[in-house]
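Peer 1: Turn these sequences into a full structure, and let the hints steer you where they fit.
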Amino acid sequence: MSRIGVFLCYCGSNIAGTVDVEAVAEMARTLPDVVYVETNKYTCSDPGQEGVKNAIIEKGIDRVVVGACSPRMHEPTWRKLLADTPVNPYMLEVANLREQCSWVHKDKEIATEKAKDLVKMAVAKVARLQPLHSIEIPVHKKALVIGGGIAGMQAALDIADAGFQVTIVERETSLGGKMVMLDKTFPTMDCSACICTPKMSEVGNHPNITVKSYSEVENVSGYIGNFEVTIREKAKYIDYDKCTGCGACETKCPQKVTNDFEQGMSERTAIYKMFPQAVPSKPVIDAAHCRKLQEGKCGVCAKVCPTGAINYEDEDKLTTETYGAVVFATGYKLIDWKPLYPEYGGGKYEDVITGLQFERLVNASGPTEGHILRPSDGTEPKSVVIIKCVGSRDPNKGKAYCSRACCMYSAKHAHQYLDKVPDGRCYVFYMDVRTPGKGYDEFYMNTLQDGAQYLRGRVSKIYREDGKLICKGEDTLTSQQVTVAADMVVLETAMVPADGIDELAAKFTVGRDADSWLVEAHAKLRPVETNTAGIFLAGTAQGPKDIPDSVCQAGAAASKVIGLLNKDKLMSNPQISHVNESLCQGDGACVGICPYGAISIVEKQFRENSRKVTRPVAQVNPGLCQGCGACTVTCRAGAMDLLGYTNESIMREVDALCQW
Amino acid sequence: MTAQDTIRARAKELLESGEVATFIGWEAGRFANQTTPLVITDAADADKLVFDEYCVNTLAKYVRDVVSRGKVGLVVRGCDSRGIIRLVTDKVIKREDVYLIGVGCPGMKDRKTGELLKKCAECRHNNPLEFDEMAGDAVEKPAAAERFAEVAEVEAMAQADRSRYFESVYAKCIRCYACRDVCPCCTCRECFVDARRENWVGKQNNVAENRFYGLTRVMHIGDRCIECGECERACPMDLPLMKLNRKVIQDMNDLFGEFESALSLEDTTEPLIEYRLDDVEEFM
Amino acid sequence: MSVVENNGAYPENWEPKIIAFCCHWCTYTGADLAGLNRMNYPANVRVLRIPCSGRMNPQYVIEALNKGCDGVLVCGCHPGDCHYVTGNYYARRRMLIFKRLLEYEGLEPERFQVRWISGAEAGKFRDTVMSVVEQVRALGPLNLTREIPAFELPRIPDDEDAFNAVPEEVTA
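Those protein sequences? They're chains Y, D and S, same order as listed. According to the working numbering, the first sequence is numbered sequentially starting from 1. According to the working numbering, the second sequence is numbered sequentially starting from 1. According to the working numbering, the third sequence is numbered sequentially starting from 1.
None of these hints come from the bench; they were simulated from the model. Cβ coordinates follow ideal geometry from the N, Cα and C atoms, glycine included. Honestly, I wouldn't trust all of these hints.
Unchecked claim - For lysine-lysine, the following PhoX-like pairs were computed, each having C-alpha atoms within a straight-line distance of at most 20 Å:
hint: 1; chain 1: Y; residue 1: K612; chain 2: D; residue 2: K71
hint: 2; chain 1: Y; residue 1: K604; chain 2: D; residue 2: K118
hint: 3; chain 1: D; residue 1: K12; chain 2: D; residue 2: K48
hint: 4; chain 1: Y; residue 1: K604; chain 2: D; residue 2: K203
Stated by the list, open to error - Computed footprint of chain S on chain Y; a stretch qualifies when at least three of its residues, placed anywhere within it, have a C-beta under 8 Å from a C-beta of chain S:
hint: 5; segment: 93 to 103
hint: 6; segment: 194 to 202
hint: 7; segment: 456 to 466
Peer 2: Spelled out as structure tokens, the structure:
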């Protein structure tokens, strides 16, 4: 037998003005299992709450119905109150007599009848509730940052400076990401390497940061405060404890490979450092191209290495650690424009290059030592066409979204070209010029003054004629066909999420949008959190951004991580899904439906009909489940139920209502 | 050698060698042109097995009852094999729990009228879709009746007539649960109708409770129904159960794309546990 | 489903009973906002709070209609806005199939409705309630038959005579 206490609030005249609270109380006294009914002018006031507490003790009440304002308003207040009494805080149901009754109806008789029904429903539900208990979740005071670009480095530094341990997992052999490939950064034209490489070495030398380069996340389990992450550190074939980074091996390696860092415009050796300022400042062996590892012959690097650091027997290393929080700073790549834009040659013309290739061409440490030279014949282009929005804002061929940074960096490219080739001509084909940002529009205006000619329209075709790239397009401002004979064309291509993001995000059950950008928990109010508690977003993993925005977001993500890691423990929400194992058949319909990956199928041993049987059943991870209940509906047998909103309690609520 | 001879010979071998612990087929019934399902564990009983055009029962569901004794051999036609695929997909059994002897089905006949059974006239897959060996050749696919013809008939009725029609269906139902018991999709350890705490369905036999059972059953099996028609055949009250199942299947086809359940072990499409961002919305 | 015809047979002062299943994060919030704005709507709707429209089990609808509600409204967040990311996408499929099934069995479409109402759409909540109440009022009470009507049961088909008759020869 349950002993239900019903506490009805006048809320001054807010409720009592339209609802005859005493009549509702009179009705409530007749309901089954109700042992005590009290009305109060302001139940939420201190004396009101004191009264509720006293009544609970005096009358031996074991579950409580409050008829007052919306549960969205004071449910936490009542739960907190019950925590100080013998009644479990979840043996509570709130009847919404104010927002959904007294405030929206005028006729006192009708509103009173409705209020009675709402109380009946609440009594019917509360009679079926079970006590629920939060679990204390410990917080491992360590953060994992995935991606070592500018966003990842900034987040790691901020977290590490607050005194927490951070591990950065970087897929490439060095930190730096895309930023370190850039020559200069708008609008101030700082040399990108000059501001990025100090951050890299700061990260590399920080006592609280562990850099795992050439590594990827292999496996993840667990939940907020307790993500158990297995990291695969790919074989580097070099003992980093012995290697001094002298570079002798690189100079002697006979095998030449296309250099991806230089965007394919030069070659590197099979044992290599990504670029001179790489962090860690030690080489790796590219196993796919190393003669020793592929053919068994060579071994030159081992011979020249003064410390004997080369180890051809090296293998991938798997390490598993527990982290309290995870930051996704996985970044972007440029869209592969070649199959999408056959009208631009589809990669046939060497002198049609991407913005990132231009960055390397204009960079003093790049393949041309900073001289802008055509890749095809090494001559200086006297006329350059820059085409914006290649793959962006083009739902038919590429992506519908704006890649956000291209307007600025195309202006930067025009500026840099005109600076280095004063007698050159630069044409920029654009759809719009979007320069919202501090100092951004001024920068664009300066570029116009430099002499860059902006033409509003897309280029429809590029073909080669007499050694020139003929670009045909329309200037939509004058409605005239435009033909430019260019020596070189720079395509400002769209940003798309980094390779492998779908698989990685699925491991962490982080949501992705249709373009595979990671989805924030709320576009406006929770922009750096994800829907999986304890996982945060930084930089372009979430969507196209420029460097200042990426750094901002990284700092915001770091502050969220610091807030989380500062706690010693978290209290779990006990209103989550629960499996009745005797009913569960283990067919796993619930597993795929869970947006949080909280359900798994495990083999368990049972005694059934005096026999030991092992059969699969579903298991809910209480740290991951958020209590939406979508799984409960797929469970035909009703083995999966949502605590606090059980099938039984909702059915009885419906029944109570139907008696009116 | 006829398919029946092959089935007997192979059942004997499988039982003798111990490769299977039980074998499921059909045996001759008490009356002319009638068979009943047969479960044997002794190779000597293999000669009781028959396969003729009166093997009306679908065998897949019986596997669940005997699988705890060890591997099960059974004869499968199109419907039986889809039932097995259903059980494996629902993780009731494992594929390696069964040894399937496939046989092409010419369509089964009513023992009294000699006419093709309704479920066989509507059959779209008479040859087994999953088997370990075939007894005899696959047979030619007969021209199946229009898949959703009976749904269209009901849909053509006026709203009040439909209401009255199903009212009479539920009035006739005696809630014997035969439809559930033969259904290869109905494999819950405890059916919702038996759940006492939730009390989904009251114990009274009245139209309201029968409706609750009928509607819920369709929602529970709709996206997994293999359209074997066994529920309708087993119903002692001759209720048009496939009119309900097919309605849901037709809607899923219309709304979420072409789909037929349990055609292979790889294809585990179940429209109600999936979604697309651009799903149709008939409300807002 | 309503077999009994209501040719003005129900009392003048009859008021429709409608139950609204509302998700906590959007529609319930929207309904609260309607209260804060002191919007006025008919009192025929009682809101039952569920955490997410994905929690909405079709069986609750059958229970409500069977036990005497004249109409059921299910409300959740707009697609893409679900607090739990995907709950309303599953709800959309389930409710779509279920609504069509109920209508197939002869339920008037107005008696079971599904709407997406966000936490900001207090006006939409009020308008939805008003329109559903008016539509159901126009239809009259949902008098679902509960008891089995008295009619002659058909004979259970098949071998009924066989046991009385001389046994046929058992087939080989």
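Peer 1: All hints, please: hold or fail.
Peer 2: Quick rundown of the hints versus the structure:
| no. | hint | result |
| --- | --- | --- |
| 1 | Y/K612 with D/K71 | 19 Å, holds |
| 2 | Y/K604 with D/K118 | 43 Å, violated |
| 3 | D/K12 with D/K48 | 11 Å, holds |
| 4 | Y/K604 with D/K203 | 33 Å, violated |
| 5 | 93 to 103 | holds (count 6) |
| 6 | 194 to 202 | violated (count 0) |
| 7 | 456 to 466 | violated (count 0) |
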